[in-house]
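Enquirer: Residue numbers (my numbering), protein chains in the order written: chain C, 1 to 110; chain Z, 1001 to 1123.
These aren't lab readings, by the way, just hints derived from the structure by calculation.
Some hints here could point you the wrong way.
Computed beta-carbon distance windows for the label pairs [as the list claims (entries may be wrong)]: (1) C:ALA30 - Z:PRO1063: 19 to 25 Å; (2) Z:PRO1103 - C:LEU110: 37 to 43 Å; (3) Z:LYS1077 - C:GLU51: 29 to 35 Å; (4) Z:THR1088 - C:ARG40: 26 to 32 Å; (5) C:LYS106 - Z:SER1076: 38 to 44 Å; (6) Z:THR1070 - C:LYS106: 31 to 37 Å; (7) C:ARG62 - Z:SER1076: 42 to 48 Å; (8) C:GLU86 - Z:SER1033: 32 to 38 Å; (9) Z:SER1015 - C:ARG62: 45 to 51 Å; (10) Z:THR1032 - C:PRO7: 19 to 25 Å; (11) Z:TRP1104 - C:SER57: 17 to 23 Å; (12) Z:ALA1089 - C:PRO7: 40 to 46 Å.
Computed footprint of chain C on chain Z; a stretch qualifies when at least three of its residues, placed anywhere within it, have a C-beta under 8 Å from a C-beta of chain C [to be verified]: (13) 1045–1053; (14) 1057–1064; (15) 1082–1093.
As the structure is a prediction and not an experimental result, all values here were calculated from the model.
Virtual Cβ for every residue (Gly too), placed ideally from N, Cα, C.
One-letter residues, chain by chain:
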Amino acid sequence: NFMLTQPHSVSESPGKTVTISCTRSSGSIASNYVQWYQQRPGSAPTTVIYEDNQRPSGVPDRFSGSIDSSSNSASLTISGLRTEDEADYYCQSYDSSNVVFGGGTKVTVL
Amino acid sequence: QLQLQESGPGLVKPSETLSLTCTVSGGSISSTSYYWGWIRQPPGKGLEWIGTIYYSGSTYYNPSLKSRVTIFVDTSKNQFSLKLSSVTAADTAVYYCARRGVPWMATTNIDYWGQGTLVTVSS
Chain C
1 NFMLTQPHSV SESPGKTVTI SCTRSSGSIA SNYVQWYQQR PGSAPTTVIY EDNQRPSGVP
61 DRFSGSIDSS SNSASLTISG LRTEDEADYY CQSYDSSNVV FGGGTKVTVL
Chain Z
1001 QLQLQESGPG LVKPSETLSL TCTVSGGSIS STSYYWGWIR QPPGKGLEWI GTIYYSGSTY
1061 YNPSLKSRVT IFVDTSKNQF SLKLSSVTAA DTAVYYCARR GVPWMATTNI DYWGQGTLVT
1121 VSS
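Bound conformation, chain Z alone (with noise of 0.2 Å):
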């Protein structure tokens, strides 16, 4: 059974920048037949997508966010991470990781979601 899992600070101060890293258990990152991917959500309020890596590195990055995020991939410990740059309030929000399947590869839901983890920005 695939489990992802969060882990990074759950506070980070404002300006500074934001760093998680989501460990794939059950199951390799290098599948050709997967994405996988950053979700956000802020308290009561609903999901955005953040970023997408396939396992050769390719990404793709909400607009909205762009300039201030970084996903990467570690093949060797089977583990995504998030980096997002001068953080404010506004990132409040907890953060899930997940895999989705590539068009006519897989299924194109996101079958699997990480627990989710709240990170708070605050001085």
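So that you can see chain C by itself, here it is in the shape it has in the complex (with noise of 0.2 Å):
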């Protein structure tokens, strides 16, 4: 079984930039796709990314995503930072038999 690595937290200023990384421990991270997850206070979780760039219909274009096999890693990159973005983001993956969620990142809106 693999394990998906997370920042514990990232901050920055409304209208930056920030990305988040979610590292493979073991197998590739092209041989299955990734999801990426918004979780605010109370509330179940929704999907940000799905299958490693998708955007969803009503998820702003300002939510990207990325995998790259020479770090072994995705990413989550959310650029014109605003308030309502504060949040934890989950990175999440699968393979023949497992789901496995990376352990959240808290954005931070400075």
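Bring the two chains, given one by one in their own frames, into a single complex with the hints.
Expert: Okay, structure coming up:
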């Protein structure tokens, strides 16, 4: 089984850009899709990026996703940071048997 | 619009079995394109996948919980259920039921979540 490692927290000012990494411990990051979820306090998570780089309808194009095979990691980038983006973000992937979540990253908008 | 709703006791005693049911409305649990599963989140902590079931009854469990977890489906009621045995305080969490797409048949993200239900393990 593999693990996904995220930074515990990131912070940036409104209007700036933040990037959250998600590193896969074993196996290729490209072998299974990565999704990203946003979770605000008291609410269930919602998808902001699915299948590495796809945005669900209704998610602003300020949110983008990518994968990098050289570092075996996925990234979520939020540009033009807004106060409403302050939340916890989780990456998630899977293999033939398991679903794996990253530990979550708290995004603080200063 | 698909909806998932968890139900079950909010308080369970240590060493007993936690039982939750997820009722699916607005769609069929017998769809071949989706998995159904349970995810939990201890207070102030991250998300943990518990397990997944396919409408056929095939199950996949988190290796760290496998010895204590059973997930089963009742297609006639459009429900699936979770049983977690021998609970301790460490099992206190918000428990979510959720739907995830089967690769190559639907998008693979968790696209629908229940609202979550807090289960506290305490005597």
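Enquirer: Take the hints in turn and mark each one as holding or not.
Expert: Comparing the hints with the structure gives:
The supplied range of 19 to 25 Å is met by ALA30 (chain C) and PRO1063 (chain Z), whose beta-carbon atoms lie about 23 Å from each other. Checking the proposed 37 to 43 Å range against PRO1103 (chain Z) and LEU110 (chain C) shows it holds: the Cβ atoms sit about 39 Å from each other. Between LYS1077 (chain Z) and GLU51 (chain C) the Cβ separation comes to about 32 Å, which falls inside the hinted range of 29 to 35 Å. Between THR1088 (chain Z) and ARG40 (chain C) the Cβ separation comes to about 29 Å, which falls inside the hinted range of 26 to 32 Å.
LYS106 (chain C) and SER1076 (chain Z) have their C-beta atoms about 43 Å apart, which keeps the hinted 38 to 44 Å range intact. The supplied range of 31 to 37 Å is met by THR1070 (chain Z) and LYS106 (chain C), whose beta-carbon atoms lie about 34 Å from each other. Look at ARG62 (chain C) against SER1076 (chain Z): about 45 Å separates their beta carbons, and that is inside 42 to 48 Å. For GLU86 (chain C) paired with SER1033 (chain Z), a C-beta distance near 34 Å keeps the hint of 32 to 38 Å intact.
Between SER1015 (chain Z) and ARG62 (chain C), the C-beta spacing of about 48 Å keeps the proposed range 45 to 51 Å intact. Checked against the given bound of 19 to 25 Å, the beta carbons of THR1032 (chain Z) and PRO7 (chain C), roughly 38 Å apart, lie outside it. Separation of TRP1104 (chain Z) from SER57 (chain C) is about 21 Å and conforms to the stated range, judged on CB atoms against 17 to 23 Å. Separation of ALA1089 (chain Z) from PRO7 (chain C) is about 29 Å and departs from the stated range, judged on CB atoms against 40 to 46 Å.
Here's how the region 1045–1053 of chain Z fares: 5 of its residues keep a CB closer than 8 Å to some CB of chain C, so the rule of at least three is met and the hint holds. Coverage of a stretch by a chain is defined here by at least three residues with a beta carbon nearer than 8 Å to that chain's beta carbons; for the region 1057–1064 of chain Z and chain C the count is 3, and the condition holds. A count of 0 residues in the region 1082–1093 of chain Z with a Cβ less than 8 Å from any Cβ of chain C is obtained; the coverage claim is therefore unmet, three being the minimum.
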